[in-house]
Amino acid sequence: MEDKIRIGVYICHCGLNIEGTVDVNAVTEFARGLPSVVMAKDYIYMCSDPGQNMIKEDIKQLGLNRIVVASCSPTLHEHTFRRACQDAGLNPYLFEMANIREHCSWVTEDYGDATEKAKALVGAAVRRVYWHEPLEVREVSVNPNVLVVGGGIAGIQAALEIANSEHMVYLVEREPSIGGHMAQFDKTFPTLDCASCIFTPLLSAVGQHPYIKLLTYSEVEEVSGFIGNFKVKIRKKARYIDEDKCTGCGVCIDKCPWKVDSEFDEGLAKRKAIYTPFPQAVPNTPVIDREHCTYFLKGTCRACEKFCEAKAIDFEQEDTIVEAEVGGIIIATGYDTFDPSVITQYGYGRYDNVLTALQFERISNASGPTAGKIMLKDGSEPKNIAIIHCVGSRDTNYHKYCSRVCCMYALKYSHLIKEKTSAEVYQMYIDMRCFGKGYEEFYERLSNEGVNFIRGKVGEVTDLAINDEEKGKLVVVCEDTLLGSIIRVPVDMVILCTALEAHSDAEEIARLFNISRSADGFFLERHPKLDPVATTTEGVFVVGCCQGPKDIPDTVAQASAAAARVLAMISKGKVEIEATTAAVNEELCSGCRICEILCSYKAISFDEEKEVCRVNEALCKGCGTCGAACPSGAISMNHFKDEQILAQIEALAV
Amino acid sequence: MSTIAPLKEAADIIKEEGGEIAKLCYQCGTCTAVCPWNRIKSFTVRKLMHQTQLGLVDFEAEDMWTCVVCNNCVDKCPRGVRQVDIMRALRRVIVELGIGGIPDSLRITSKNIAGTGNPLGEPREKRADWAKDLDVKTYTEGTEILYFPCCYQIYDPSLQRVARATVNMLKKADVDFGILGAELSCCGESIRKAGNESLFQSLAQNNIKAFTEAGVKKILVTSPHCYHTFKEEYPELGGNFEVVHLSQYLNELIEAGRLKFTKELNKRVTYHDSCCLGRHMGIYDAPRQNLESIPGLELVEMREYRENALCCGGCAGRIWMETKKGERFSDLRIEQALEVGAEVLAVGCPYCMLNFDDSILTMEKGDTIEIKDIAELVQEVI
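Just so you know, the protein sequences line up as chains Y and B, in that order. My numbering puts the first residue of the first sequence at 1, with every later residue one more than the last. My numbering puts the first residue of the second sequence at 1001, with every later residue one more than the last.
In short, the hints are calculated from the structure, not lab data. Incorrect hints may appear among the rest.
[Said to hold, decoys possible] Below 30 Å or equal to it, Euclidean Cα-Cα: the simulated DSS-like pairs (lysine-lysine) are:
1) B:K1111 to B:K1171
2) Y:K471 to B:K1325
3) B:K1260 to Y:K471
4) B:K1267 to B:K1172
5) Y:K550 to B:K1023
[Claimed, not checked] Output of the computed footprint for chain B on chain Y, the stretches with three or more beta carbons under 8 Å from beta carbons of chain B:
6) 218-228
7) 414-421
8) 488-501
[Said to hold, decoys possible] Cβ-Cβ distance ranges computed for the label pairs, FRET-style:
9) Y:S380 to B:Y1026: 36 to 42 Å
10) B:L1024 to Y:E222: 42 to 48 Å
11) B:G1366 to Y:S380: 51 to 57 Å
12) Y:E507 to B:L1134: 43 to 49 Å
13) Y:E263 to B:G1366: 51 to 57 Å
14) B:K1137 to Y:E507: 55 to 61 Å
15) Y:P553 to B:K1023: 56 to 62 Å
16) B:G1101 to Y:Y111: 54 to 60 Å
17) B:N1240 to Y:D261: 36 to 42 Å
18) B:E1009 to Y:Y601: 55 to 61 Å
19) Y:I597 to B:R1258: 46 to 52 Å
This structure is a prediction, so every number in the text was calculated from the model and none was measured. Backbone N, C-alpha and C define an ideal beta-carbon position, used for all residues, glycine too.
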């Protein structure tokens, strides 16, 4: 402890926010009388420039060595006042804030009660700040490599942005090829660009980029470390094909006799046990699906090996682990689609020609199961098609949220149907959400193309005909709410606009990267408005649909935003580590390792030689769990030491 | 075309009577689309919800009494709007404030219930008469379970067969049970849904007092309506009892080995999910387990079953109102049962039984299909 503690106290009015409910003069007078308080003032807006300057001046003129500001929540201005102290030459951790707004004036109605409470809070802050010690913010360097998890449009965009700045990117994708869902699309709204045409150049760029290490058919297995210094272990699953030897000729795929439902074609077609998911796959090296390959199941066949001229088939190949060190991580793992079989009234899975949106996308796509011809299961052309909105979305029974893209792709499908067939199209909607650039105009275009819009959420899809027109058809039953009567529309094909949802293993991914999920299952951003790419884990960012349903323009924007944040971190070269961390007194530590087990951030490690625990200050969040649990009292929390907290409590208890 | 303006006072009154949930409705029309009435005539549930939101309900319209509270709309509504609560609120406004008209049949039934404690208007003193020659003891403190049949199973000669079958079964399983008589009244479930809140309250208070005085802890019911109100509504008024429906209790007895099936019933049976047991209380499996455990019985499902089952048309007091031939859900349901070749249509509810009995008579299908309560089917094999 220094010779004499000289505390300066400032009571903020915050306009009328505090002053309207708290007698600021009384509180200032009270503060003046507290031990070690050299000066107490009140002012209308402490966070303003004059307010801050007042603090700086007083520190210099009056030799203050502890500062208390009684105003709003520390989340707003603790940083502001700490910086003011620092500018005046005072260590920023010798500052304490008393929240007499959110914790007092905003939640107390009685003037007298509020003033008393404010006094108590100020008294507690004064008692606490007495025990503050100077702390130093540490800096760690930032590894300029970046990990991008997920090779869809979001991951690809982020990877290219960073790679183009000549920093190394590890792009990890769990499927045999990058491309994600966008590779499945036919055209994109509202421009009707062919998805593959605009996308495949990006796939090639990624495949050939000198600064992108592409790891497909791979998954991240372990993550450790902290911002600027992550260590990751990536499992490269065995393809059973030597990538260096394979020429991508495709003969193996031709010769393979075993067929499996194609995931890429949404179950509408078959692929082989040795396969590439789609013709423009990057890399163009096939993969042997060991769960369906006869060699792995029964030990026979090996036809691919027989016919491979490059001798690239290697059944002995094993998974490899790639270890990487990166400074930042961008998560772009995308979405799953809702399975509508649970909505039994819609007949998905019961009737042949009830399809999900992605299934229709594949049918319309020229490289899909029907070579782009829109047709029913029996090969005939549909004459009437119904598109049902909000299947699993905006529904308290399934997902409360709106999936954002369905109204637009419903319009897109209407256009494709009108372009390729002479079918009548009926859209059963609740609202038409056409919010983006060119979207409303696209809606008008489709009205012009003669699409029928019926406002009403569909009650059921049935094959029970009540008259001759309905025989042999699928009848879509809903209330046309604008007409006020039930309408039965006989159609040949029904397309369900199924909800976008978080991946079924989003929980595992969240745990692996130490990020949170919001109530709807998608990954949680740091702030919904002002920080949509960062997470509460420093150095880890989320982009694209894994953070919430969105269209391609928003995905690309978000991916570039995250790339910019990571590049900012890399260009600065270093990050500051918050000083309010835990510290282990090695002389008192008995090596019981209870703290290590309890730490949620994996910030504590055990030194086998010295048999004591040590805190990694970069990972430590200062939560206090270890400090509370340590049976030897060996752990102290910087800035939250026992003396500091006890002094605060004593002041409040009086 | 005249213009309209929202009527706040009406909206507020409806909210007070329990219709506040209408504010969540976003007018998607699912309720109208799934409401069984729309197979017969036009009944725009959605429009009624919007009128409720703005206080523009026509309380004099006949449609105030159309809803059978089958809960299909509630089950499918994407916003969680409880349309049936709103229907009840609208009816409460009519009954309690005297606006609009109450159908005569309901008026008469209310009088009966208020006067003699049962909707048929039969004498209160005869409430235990159905069990006269069955050697059933009166419930006293310490008896394991009270058997509470529906008023119809007590007084209506054609439905007494269910109460009798139940008693027979309980005796064979050696269950310690008893009944009470004139101290009890109708459970009040349907008259509450028909809007007569004050009558319901007095019925409930009376029953809770009688149960408590007799030391009742566990109640067996053979009507899903009694089940619903005892379980969900009586606790609000201080009546907390353990309630089981026959289908659940049967499973308990079968699993504990207290009921042995000694014969076979080689019939093709289909089970009708009553709205009150199914969509309202979520019980779909128990009755099916009962039927599947009967030796020789072949259980088939109709095209609309479980959450999508078609209402018989009897809830919310409509059992007391006249429904014209050609507008009866129960007729449609019999057709669905015949479609799957069922010889027996199994039910677990007295209203469903009443409606289906009537339908097979008017449709002249008495030789093709039988209506039986689960209790009756079980009775045939023990």
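Going through the hints against the structure:
no., hint, result
1, B:K1111 to B:K1171, "36 Å, violated"
2, Y:K471 to B:K1325, "27 Å, holds"
3, B:K1260 to Y:K471, "49 Å, violated"
4, B:K1267 to B:K1172, "23 Å, holds"
5, Y:K550 to B:K1023, "29 Å, holds"
6, 218-228, "violated (count 0)"
7, 414-421, "violated (count 0)"
8, 488-501, "violated (count 0)"
9, Y:S380 to B:Y1026: 36 to 42 Å, "38 Å, holds"
10, B:L1024 to Y:E222: 42 to 48 Å, "46 Å, holds"
11, B:G1366 to Y:S380: 51 to 57 Å, "46 Å, violated"
12, Y:E507 to B:L1134: 43 to 49 Å, "58 Å, violated"
13, Y:E263 to B:G1366: 51 to 57 Å, "55 Å, holds"
14, B:K1137 to Y:E507: 55 to 61 Å, "57 Å, holds"
15, Y:P553 to B:K1023: 56 to 62 Å, "35 Å, violated"
16, B:G1101 to Y:Y111: 54 to 60 Å, "57 Å, holds"
17, B:N1240 to Y:D261: 36 to 42 Å, "54 Å, violated"
18, B:E1009 to Y:Y601: 55 to 61 Å, "58 Å, holds"
19, Y:I597 to B:R1258: 46 to 52 Å, "51 Å, holds"
Hints 1, 3, 6, 7, 8, 11, 12, 15, 17, counting from the list given before, are not met by this structure.
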